[in-house]
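Trainee: Starting from the known structure of chain A, fit chain B onto it as the hints suggest.
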Amino acid sequence: MLLIPCPWCGERDVHEFHCGGEAHITRPAGADTIDDAAWADYLFMRQNPKGLYYERWNHAHGCRKWFHVVRDTVSDQILAVYQMDEAPPDIPGRSS
Amino acid sequence: MQKYSIFSLARNALSRHENWREAWRSPEPKPEYDVVIVGGGGHGLATAYYLAKEHGITNVAVVEKGWLGGGNTGRNTTIVRSNYLWDESAGLYEHSLKLWEGLSQKLNFNVMFSQRGVLNLAHNLHDLRELSRRVNANRLNGIDSEILDAQGVKDFCPLIDTSLTLRYPVLGASLQRRGGVARHDAVAWGFARAADALGVDIIQNCEVTGILRDGDAVQGLETSRGTIKANKVGVVVAGHCSVLANMAGFRLPIESHPLQALVSEPVKPVLDCVVMSNAVHAYISQSDKGELVIGAGIDSYVSYSQRGGFDVVEDTLHAVVELFPMFSRMRMLRQWGGIVDVCPDASPIIGKTPVQGLYFNCGWGTGGFKATPGSGNVFAHTIARDEPHPLNAPFALDRFTSGALIDEHGAAAVAH
Chain A
54 MLLIPCPWCG ERDVHEFHCG GEAHITRPAG ADTIDDAAWA DYLFMRQNPK
104 GLYYERWNHA HGCRKWFHVV RDTVSDQILA VYQMDEAPPD IPGRSS
Chain B
42 MQKYSIFSLA RNALSRHENW REAWRSPEPK PEYDVVIVGG GGHGLATAYY
92 LAKEHGITNV AVVEKGWLGG GNTGRNTTIV RSNYLWDESA GLYEHSLKLW
142 EGLSQKLNFN VMFSQRGVLN LAHNLHDLRE LSRRVNANRL NGIDSEILDA
192 QGVKDFCPLI DTSLTLRYPV LGASLQRRGG VARHDAVAWG FARAADALGV
242 DIIQNCEVTG ILRDGDAVQG LETSRGTIKA NKVGVVVAGH CSVLANMAGF
292 RLPIESHPLQ ALVSEPVKPV LDCVVMSNAV HAYISQSDKG ELVIGAGIDS
342 YVSYSQRGGF DVVEDTLHAV VELFPMFSRM RMLRQWGGIV DVCPDASPII
392 GKTPVQGLYF NCGWGTGGFK ATPGSGNVFA HTIARDEPHP LNAPFALDRF
442 TSGALIDEHG AAAVAH
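Quick note, the sequences are listed as chains A and B, same order. Using my numbering, you'd call the opening residue of the first sequence number 54 and step up by one each time. Using my numbering, you'd call the opening residue of the second sequence number 42 and step up by one each time.
Next comes chain A alone, as it looks inside the complex (with noise of 0.2 Å):
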């Protein structure tokens, strides 16, 4: 079972959340004019790496609101919790 740091509610139950997936994906500018491959890429093509990852939350069973974590894929250990407006942190001593 994970515990989740709510930066609100404090570390509650992973039943109570909602993983929003891969953090900082950017909508494209020019939807116009952008081809095919740059929406594919948007759309569909993730990260998903084997380490440090940057991710989205959602506190749905409790204050509802989002926020974004730290976490490593291998251990899940979380290593930060940040606001959705930031940038991601630097983790010391691990790159991403």
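Since the hints were made in silico from the structure, they are not lab data. Some hints here could point you the wrong way.
[Said to hold, decoys possible] These stretches of chain A come out as covered by chain B in the derived footprint (C-beta under 8 Å, 3 or more residues):
#1 56 to 69
#2 135 to 147
[Unchecked claim] Partial list, computed: chain B residues near chain A (C-beta under 7 Å):
#3 Ile188
#4 Val284
#5 Pro294
#6 Ser341
#7 Ser344
#8 Tyr345
#9 Leu374
#10 Pro385
#11 Glu428
[As the list claims (entries may be wrong)] Short derived list, chain B residues pointing at chain A, Cβ under 10 Å:
#12 His96
#13 Asn100
#14 His136
#15 Asn287
#16 Gly290
#17 Leu293
#18 Ile295
#19 Val343
#20 Ser346
#21 Asp352
#22 His359
Everything numeric in this text was worked out from a predicted model, so none of it was measured. Note that CB positions come from ideal geometry on N, CA and C, so glycine has one too.
Mentor: Structure of chain B alone, referenced to chain A:
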């Protein structure tokens, strides 16, 4: 290859079974091969076997970072069926089911394929309509499939509680009588032994650490046991395909999640078919050893941990106990996780990549075991001819650019 038969068994019994030969060699890797397959699970070993058997390419190595069949081949719930919705999937999975039907004889290895019937339960009107649509699609594609009402389910599998007092009552089911289960380890071992007999080198404890490229073409692999050159490399690494794609310099539309399964203590035969339910999320069968084999769901987050959350197991057991009240006092013996590579459309990717000579067979999500022989068969064709087999052409990576997705979320038993 030492042929297995009743006579060889009797002959070896006379010498106290001390003279059986090893089922496959464990050679040192050669510096160069015509084709190297990365991943010694069922799909990779099947690919090597069909390369040698049907395409005459025998200078082949299979490199495996752990032991044969130690990944998802040894972690799944062994269900085989072909009742998928779309024509593309029907072609691929039915091709595989037909290969299963003669596999033990072809490999001279008992894969214990047992066509005991697969039920997919419906718990509401929408389920029933969806299953009816799928059954009709199956029949138009020449795949055996039928609809049962609640009484039909009770007759086919008397253990299921079909009373209307259930929170999610059983209203009916689809039944594929040719579906069933096979012994997962035996599938890996059978393909390994048959491939080895045709000259394929099977190299275990050999982890790929890099993919060598000359411009746009693949040249070989860096591994923990040295450099292996090859102009054709087939990657079949469930649970790590994004990692390998990253080495080759491109991205895949895949995310990796833990999927769990568990087995109970062994009991006398009680359940003689496979029962699956998407809606309440339970699937269950009984192994020949007597254990109930139960498939749980995936965790919603990306992880390579090979273990999942207990809440997922708990949800599945709730559903199993409601459907089968007699299992409420069964004790669970073991529980484990495997990492499944999930595509956005719940269909696999089999074909060429942006790198010349590099082929990927991945993204089978939660249901790759059933496709083992068919997947190896069409992937071998793709590698040998440098063009896809007609059956796997629709499953190319570029469908995510063209938009020609093959959405099988309804037919995949585990919600993705």
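Trainee: Hold the hint about Val343 of chain B up to the distance rule: shortest CB distance to chain A must be less than 10 Å.
Mentor: Because about 6 Å separates Val343 of chain B from the closest Cβ in chain A, which is inside the 10 Å limit, the hint holds.
Trainee: Take the shortest C-beta to C-beta distance between Ser341 of chain B and chain A; is it under 7 Å?
Mentor: holds, 4 Å
Trainee: Hey, does the Ser344 of chain B contact hint survive, CB to chain A under 7 Å?
Mentor: Since chain A brings a Cβ to about 5 Å from Ser344 of chain B, closer than 7 Å, the hint holds.
Trainee: At a threshold of 10 Å, is the proposed contact between Asn100 of chain B and chain A supported by beta-carbon distances?
Mentor: For Asn100 of chain B, the interface hint is violated, since the closest Cβ of chain A sits about 31 Å away, which is over 10 Å.
Trainee: Min Cβ distance, Ser346 of chain B to chain A: is it shorter than 10 Å?
Mentor: holds, 5 Å
Trainee: Checking hints one by one. Is Leu374 of chain B an interface residue toward chain A, by the C-beta closer than 7 Å rule?
Mentor: Hint on Leu374 of chain B: violated, closest Cβ of chain A at ~21 Å, above 7 Å.
Trainee: Could you check if Asn287 of chain B really has its C-beta closer than 10 Å to a C-beta on chain A?
Mentor: holds, 8 Å
Trainee: So, Gly290 of chain B near chain A? Judge it on the closest CB pair being under 10 Å.
Mentor: Gly290 of chain B check fails; min Cβ-Cβ to chain A is 13 Å, beyond 10 Å.
Trainee: Closer than 8 Å Cβ to Cβ for three or more residues is the test here. Does the region 135 to 147 of chain A pass it with chain B?
Mentor: With 0 residues close enough to chain B, the hint is violated.
Trainee: Would you check whether Ile188 of chain B satisfies its interface hint, that is, whether its CB is within less than 7 Å of any CB in chain A?
Mentor: The hint is violated - Ile188 of chain B has no Cβ within 7 Å of chain A, the shortest such distance being about 34 Å.
Trainee: Against chain A, with CB atoms and a cut of 7 Å, does the hint on Pro385 of chain B hold up?
Mentor: Since the shortest Cβ distance to chain A is 5 Å, the answer is holds.
Trainee: Take the shortest C-beta to C-beta distance between Val284 of chain B and chain A; is it under 7 Å?
Mentor: holds, 5 Å
In this structure, the hints that do not hold are numbers 2, 3, 9, 11, 12, 13, 14, 16, 22, in rising order.
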